[in-house]
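Peer 1: Just so you know, the sequences run in chain order A and B.
Here my numbering is used: position 263 in the first sequence is 263, and no number is missing along the way.
Here my numbering is used: position 125 in the second sequence is 427, and no number is missing along the way.
Check before you lean on any hint, since a few could be wrong.
[Claimed, not checked] Straight-line distance between alpha carbons at most 20 angstroms, and here's what the computed EDC-like set of lysine to aspartate or glutamate pairs gives:
#1 Lys424/B <-> Glu85/A
#2 Lys354/B <-> Glu442/B
#3 Lys427/B <-> Asp207/A
#4 Lys427/B <-> Glu199/A
#5 Lys192/A <-> Glu449/B
#6 Lys88/A <-> Asp439/B
#7 Lys424/B <-> Glu449/B
#8 Lys372/B <-> Asp207/A
#9 Lys88/A <-> Glu449/B
#10 Lys88/A <-> Glu442/B
#11 Lys80/A <-> Glu420/B
#12 Lys337/B <-> Asp105/A
#13 Lys251/A <-> Glu85/A
#14 Lys443/B <-> Glu85/A
#15 Lys443/B <-> Asp86/A
#16 Lys443/B <-> Asp87/A
In short, the hints are calculated from the structure, not lab data.
Predicted, not measured: the structure shown is a model, and the values here were computed from it.
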Amino acid sequence: MKTRLLPLSLIALLSLVSCQTMESATSIATTIGQSTGVVSSSQADSIQKTARAVSRSAEEFTPEQEYYIGRSVGAVVLTKYPAHEDDKVNQYLNIIGQTLAQASDMPGIFGGYHFLVLNSNEINAFATPSGLVFVTRGLLRCCRNEDALAAVLAHEIGHIELRHGMQAIKKARITEALTTIAAEGAKTFGSKEVAALTETFGGTITDITNTMIEKGYSRSAEYEADLKAVKLLRRVGYDPNGLVEMLTAMKKNLKAGGLDFAKTHPSPENRIEEIQKDGIQYATVKIPTARQQRFQQMLGKI
Amino acid sequence: MIRLEGIIFVVICSFFCFVISGPAQAANTMSVQIKEGQVRSTPSFLGTIVAKLAYGDSVEIIQDQGAWKKVALRGGVQGWIHTSALSEKSIILKAGAKNVQTSATGSEIALAGKGFSEQVEKQYKSLNRNINYAWIDRMEKFQVSPEQMQAFLKQGGVAPAKGGAQ
């Protein structure tokens, strides 16, 4: 009979051991937190209590938390580029963008997808985690038709779907954030817990904006977003060659040494090459008159 | 006797595991993990919206089709919702001291408003006065209804190739 009991006790013992390993790692983190005054001792207790949950749960932020990250990343973008305050143009972008987003592989996003034109001659676009997309007037001038514009928006939706922004958060920061977030309470504005969370939050925003605005994503991330765009354009009924035509126009408009797509993206030639590897044969995009008319009306003078 | 001890041991162990992981949700129930979940008449982005769900609402899954799930709502309404809007975790909107403790140890529960939240944004804003959220708030008001989308696609002659719409 004892032999039956043995394996069971072994399983129970093993599961306890793995829990304890996690706890000791957290206990080091909370001790450091305590000594630096970031967390009080009672808060440290609660962090330790909750640590087990963090190390066990998915190492990802909830969509709600991603939403708050996205809002602040967007707000930082808007300190560098002013909004283009034209309701009609912004509405036009939103109707195309939100339709594409609904048809994408990730229509369910915490606060929904929203699009805004930036009043800048640079050729640039940004997509924050959780669905905020910004496109400069300079980039809109590379679009000669609605299919090209849809391609720009679909590429940005691709970045969101592929979570490129979230991937720019440093690994150490994610661990730090998840440990702090695990703390109970975190309710009072101005409390030490909120202060600690805010510090980590600030770091998270900086990690993302540094990559998004200054360094750019990897070349492969850009190609992946292009392929996502091609798939999405087809699904909705826009011509994927809209992307090729936009990139061809961009090639003419980009200035060498510019701090925009010239710095952060692979060259338009290379992007076209990659898209064509995916089986896109170039043919002039044919646009029905009604579609071209509304495009001209909205963006003819952008 | 030893057999009885063994059984008691197993019972205690499983009770312990249950406490650690928190109450599990039934396998066919999921929660809405976004602000507004849209339930559609067909498993397609072109499907008309038959119901709207709020963050944290739970739905009963009755069928799977690709990235879409057919759900049954209270009151007998059925429809399709995209998987990306759903979570396998239970989402607790307002945390009392009791469920905070449960959630602290449960990987099957998510607490709304925990972690990076409105409060953290507020504090971040107070420390970074140059950052302006006014346009972010305005952007969030740009809403397009499914009817507007349909009319827009139709007017511009935008139509997916056959079998392309999902």
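Peer 1: Hint by hint, say whether it matches the structure.
Peer 2: Now for the hints, and whether the structure bears them out:
Straight-line distance between C-alpha atoms of Lys424/B and Glu85/A comes to about 25 angstroms, which puts the hinted pair past the 20 angstroms bound. Only pairs whose Cα atoms come within 20 angstroms are accepted, and Lys354/B paired with Glu442/B is accepted, the gap being roughly 18 angstroms. The suggested pairing of Lys427/B with Asp207/A holds, with an alpha-carbon distance near 17 angstroms, which does not exceed 20 angstroms. Of the pairs offered as hints, the one joining Lys427/B and Glu199/A holds, with about 12 angstroms between alpha carbons and a cut-off of 20 angstroms not exceeded.
Note on Lys192/A and Glu449/B: the hinted pairing is violated, with a Cα-Cα distance of about 48 angstroms set against a maximum of 20 angstroms. The hinted pair formed by Lys88/A and Asp439/B meets the criterion: a straight-line CA distance of about 18 angstroms does not exceed 20 angstroms. With a C-alpha separation of about 36 angstroms, the suggested pair Lys424/B and Glu449/B falls outside the 20 angstroms cut-off, and the hint is violated. Note on Lys372/B and Asp207/A: the hinted pairing is violated, with a Cα-Cα distance of about 39 angstroms set against a maximum of 20 angstroms.
This hinted pair checks out: Lys88/A and Glu449/B have alpha carbons roughly 18 angstroms apart, not beyond 20 angstroms. Proximity of Lys88/A to Glu442/B is assessed by CA-CA distance (about 16 angstroms); at most 20 angstroms being required, the pair is judged to hold. For the hint linking Lys80/A to Glu420/B, the alpha-carbon distance of about 23 angstroms lies beyond 20 angstroms, and the restraint is violated. For the suggested pair Lys337/B and Asp105/A, the alpha carbons sit about 18 angstroms apart, so the restraint of at most 20 angstroms is met.
The hinted pair formed by Lys251/A and Glu85/A fails the criterion: a straight-line CA distance of about 27 angstroms is larger than 20 angstroms. Of the supplied pair hints, the one linking Lys443/B and Glu85/A holds, its CA atoms being roughly 14 angstroms apart against a limit of 20 angstroms. Of the pairs offered as hints, the one joining Lys443/B and Asp86/A holds, with about 14 angstroms between alpha carbons and a cut-off of 20 angstroms not exceeded. About 12 angstroms separates the Cα atoms of Lys443/B and Asp87/A, which keeps this hinted pair within 20 angstroms; it holds.
Of the numbered hints listed earlier, those contradicted by the structure are 1, 5, 7, 8, 11, 13.
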